[in-house]
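Colleague: Take a look at the letters that make up each chain.
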Amino acid sequence: MAVTILCSGCGASGIGKQPASFATAASLVVQNATDAYTAAIDLHTQEQVYAGDLKVEAGETWDYATLVPLLTPEELKARTQVLDALKTYAESLSAVTGTAPSPALVASAKSTGASLKTVSSTIQSEAGDKKGVPVSAETANIVSTATLAFGEYLAAGKVNAELPAITAQADPQIQALCTLLTNDIGTIRKQTKKDSEDLRRQQWTFITVNRAKLSPVELRTEVEKLPAILKSEQTSDAALANLLTAIQHLATAHHALMVAAQANNPETTKQRLADLETAGTSLGSFYQGLPAK
Amino acid sequence: MPDSPAAGNPTEAQVYAAYQALLGTLNTEAASCTDANTVQLLNDSAQAVSDALTLDNEVDLQASTAAFTALTPQMKKVNDQLTKLKAQIAAIATKIADANKVLGAIDDVLAIASKF
Numbered sequence: 001m002a003v004t005i006l007c008s009g010c011g012a013s014g015i016g017k018q019p020a021s022f023a024t025a026a027s028l029v030v031q032n033a034t035d036a037y038t039a040a041i042d043l044h045t046q047e048q049v050y051a052g053d054l055k056v057e058a059g060e061t062w063d064y065a066t067l068v069p070l071l072t073p074e075e076l077k078a079r080t081q082v083l084d085a086l087k088t089y090a091e092s093l094s095a096v097t098g099t100a101p102s103p104a105l106v107a108s109a110k111s112t113g114a115s116l117k118t119v120s121s122t123i124q125s126e127a128g129d130k131k132g133v134p135v136s137a138e139t140a141n142i143v144s145t146a147t148l149a150f151g152e153y154l155a156a157g158k159v160n161a162e163l164p165a166i167t168a169q170a171d172p173q174i175q176a177l178c179t180l181l182t183n184d185i186g187t188i189r190k191q192t193k194k195d196s197e198d199l200r201r202q203q204w205t206f207i208t209v210n211r212a213k214l215s216p217v218e219l220r221t222e223v224e225k226l227p228a229i230l231k232s233e234q235t236s237d238a239a240l241a242n243l244l245t246a247i248q249h250l251a252t253a254h255h256a257l258m259v260a261a262q263a264n265n266p267e268t269t270k271q272r273l274a275d276l277e278t279a280g281t282s283l284g285s286f287y288q289g290l291p292a293k
Numbered sequence: 001m002p003d004s005p006a007a008g009n010p011t012e013a014q015v016y017a018a019y020q021a022l023l024g025t026l027n028t029e030a031a032s033c034t035d036a037n038t039v040q041l042l043n044d045s046a047q048a049v050s051d052a053l054t055l056d057n058e059v060d061l062q063a064s065t066a067a068f069t070a071l072t073p074q075m076k077k078v079n080d081q082l083t084k085l086k087a088q089i090a091a092i093a094t095k096i097a098d099a100n101k102v103l104g105a106i107d108d109v110l111a112i113a114s115k116f
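Chains as they are written, first to last, in my numbering: chain F, 1 to 293; chain P, 1 to 116.
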């Protein structure tokens, strides 16, 4: 019973497992945003190549060395760096507020009970079983559990003391980042839709201009690309719309976490985090499921 | 993308939307055209409009890059604080381990003393 009481009173940081949910959702947003940038860059390159094909087809020159990436490597790096920092933040938050005690603390606590038992055995041996208090395996375990509880209590105290300030300092940055990402992904969505429509028009132009020169099988192959491009366009647009929603939820969820940290009330953020995880999870495998080019 | 022009002038968003509508019309016309010369002409016109829209999007993305760059060190500052907190929590485990060393030392002394 003593062990139960000790354990039930320790380890909670006031937010419990919610930062772990935040970390999962943040990780999905980071991954999907990074994938969205990469997919948009690749699509725009493909659009320029299709346009170049038609120029060559029409007997014009095409300087393929002048292909312009939608985002330069430096511009992409500026985005991935801050997204990586967000991921690190979410993971660190999860680590310091996690309900599982650290392996180092568990090892130290176990060692305390074992050490006490060893000392007791030594005393017993020296006193010839006549003096001292024997420490049984059960008592040693209780000591270990109590030590673990004490260690967790101290760690939770540190977390509770520091977390309000840390989340309050991070929140304006998270909100600014989410606003930036919303604008950026909005632009990426416009560009992706436009590039996809360009691809379909360029493909149709290619078919129309070359119809007489293509064999029936070649013609079928080229025609079949049209619905594939359309399907890819629709899937991308839906995923980018979901990503925008997930980013907005991330901003809301972090703000709720900050409020919960100030008030030490975990209940207020549960529903928003559940929404966030649902939105994030639905995006999880989207980009891997895109039709192969 | 500034969105507050002088009175009477269209906003940048309105100009973008107008070009987008034009591109949509050209795309639709091209998709329903089966004449090689006409479709090529429509494609060339659409490509010119499309390139203008791409340029506008690229300018928007470039403008955001500086803001992303500025945010990174601020996020790193917050992460540094979390790293310090993690170290403080790890120190608690170390202190308990130190207590175990004392118990071990006592045990050693008792074991040696018993031999006298």
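Hints are computed from structural coordinates only; laboratory data are not their basis.
Nothing here was measured: the structure is a model prediction, and the numbers come from that model.
The reader is advised that the hints may include incorrect statements.
[What the hints assert, rightly or not] In the SDA-like style, the derived pairs of lysine to any residue whose C-alpha atoms are separated by at most 20 Å in a straight line are:
{"#": "1", "chain 1": "P", "residue 1": "Lys95", "chain 2": "F", "residue 2": "Leu154"}
{"#": "2", "chain 1": "F", "residue 1": "Lys193", "chain 2": "P", "residue 2": "Ala17"}
{"#": "3", "chain 1": "F", "residue 1": "Lys225", "chain 2": "P", "residue 2": "Thr34"}
{"#": "4", "chain 1": "F", "residue 1": "Lys87", "chain 2": "P", "residue 2": "Lys84"}
{"#": "5", "chain 1": "P", "residue 1": "Lys101", "chain 2": "F", "residue 2": "Lys193"}
{"#": "6", "chain 1": "F", "residue 1": "Lys55", "chain 2": "F", "residue 2": "Glu222"}
{"#": "7", "chain 1": "P", "residue 1": "Lys77", "chain 2": "F", "residue 2": "His255"}
{"#": "8", "chain 1": "F", "residue 1": "Lys190", "chain 2": "F", "residue 2": "Thr38"}
{"#": "9", "chain 1": "P", "residue 1": "Lys77", "chain 2": "F", "residue 2": "Pro164"}
{"#": "10", "chain 1": "F", "residue 1": "Lys213", "chain 2": "P", "residue 2": "Asn37"}
{"#": "11", "chain 1": "P", "residue 1": "Lys86", "chain 2": "F", "residue 2": "Thr45"}
{"#": "12", "chain 1": "P", "residue 1": "Lys84", "chain 2": "F", "residue 2": "Asn160"}
{"#": "13", "chain 1": "F", "residue 1": "Lys190", "chain 2": "F", "residue 2": "Ala241"}
{"#": "14", "chain 1": "P", "residue 1": "Lys84", "chain 2": "F", "residue 2": "Thr88"}
{"#": "15", "chain 1": "F", "residue 1": "Lys225", "chain 2": "F", "residue 2": "Thr45"}
[As the list claims (entries may be wrong)] Here chain F is said to cover these stretches of chain P; the calculated rule only asks that three of the stretch's residues, wherever they fall, bring their Cβ under 8 Å from a Cβ of chain F:
{"#": "16", "stretch": "8 to 15"}
{"#": "17", "stretch": "29 to 36"}
{"#": "18", "stretch": "68 to 80"}
{"#": "19", "stretch": "90 to 103"}
Every residue, glycine too, gets a C-beta built ideally from N, C-alpha and C.
Colleague: Hints first: check each against the structure and report whether it holds.
Modeller: Structure-based check of all given hints:
1. Using a Cα cut-off of 20 Å, the hinted pair Lys95 (chain P) and Leu154 (chain F) holds, with the two alpha carbons roughly 11 Å apart.
2. A hinted pair counts as satisfied when its Cα atoms are at most 20 Å apart, and Lys193 (chain F) with Ala17 (chain P) qualifies at roughly 14 Å.
3. Proposed proximity of Lys225 (chain F) and Thr34 (chain P) is supported: the alpha carbons are some 17 Å apart, at most 20 Å.
4. A distance of roughly 17 Å separates the Cα atoms of Lys87 (chain F) and Lys84 (chain P); the hinted pair therefore holds under the 20 Å criterion.
5. Proposed proximity of Lys101 (chain P) and Lys193 (chain F) is contradicted: the alpha carbons are some 66 Å apart, above 20 Å.
6. Taking the CA atoms of Lys55 (chain F) and Glu222 (chain F), the gap is about 18 Å. The hint holds against a cut of 20 Å.
7. Between Lys77 (chain P) and His255 (chain F) the alpha-carbon distance is near 18 Å, which keeps this suggested pair within the 20 Å criterion.
8. Restraint check: the Cα-Cα separation between Lys190 (chain F) and Thr38 (chain F) comes to about 15 Å, which is no more than 20 Å; the hinted pair holds.
9. For the given pair, Lys77 (chain P) sits about 15 Å from Pro164 (chain F) by alpha-carbon distance, which is consistent with the 20 Å threshold.
10. Only pairs whose Cα atoms come within 20 Å are accepted, and Lys213 (chain F) paired with Asn37 (chain P) is accepted, the gap being roughly 15 Å.
11. Restraint check for Lys86 (chain P) and Thr45 (chain F): the C-alpha separation of about 44 Å exceeds 20 Å, so the hint is violated.
12. Between Lys84 (chain P) and Asn160 (chain F), the direct Cα distance comes to roughly 14 Å. Compliance with the 20 Å bound is thereby established for this hinted pair.
13. Between Lys190 (chain F) and Ala241 (chain F) the alpha-carbon distance is near 11 Å, which keeps this suggested pair within the 20 Å criterion.
14. For the proposed pair Lys84 (chain P) and Thr88 (chain F), the alpha carbon gap of about 14 Å is at most 20 Å, so the pair holds.
15. For the hint pairing Lys225 (chain F) with Thr45 (chain F), the CA-to-CA distance comes to about 17 Å; that is within 20 Å, so the pair holds.
16. Check result for the stretch 8 to 15 of chain P against chain F: violated, 0 residues qualifying (beta carbon to beta carbon below 8 Å, three or more required).
17. Coverage of the stretch 29 to 36 of chain P by chain F holds [criterion: at least 3 residues with CB-CB distance below 8 Å; count 6].
18. Only when three residues or more bring their CB closer than 8 Å to a CB of chain F does the claim for the stretch 68 to 80 of chain P stand; here the count is 10, and the claim holds.
19. Evaluation of the coverage hint for the stretch 90 to 103 of chain P: fulfilled, as 9 residues show C-beta separations to chain F shorter than 8 Å, against a requirement of three.
Checked against the numbered hints given earlier, this structure breaks hints 5, 11 and 16; the rest are met.
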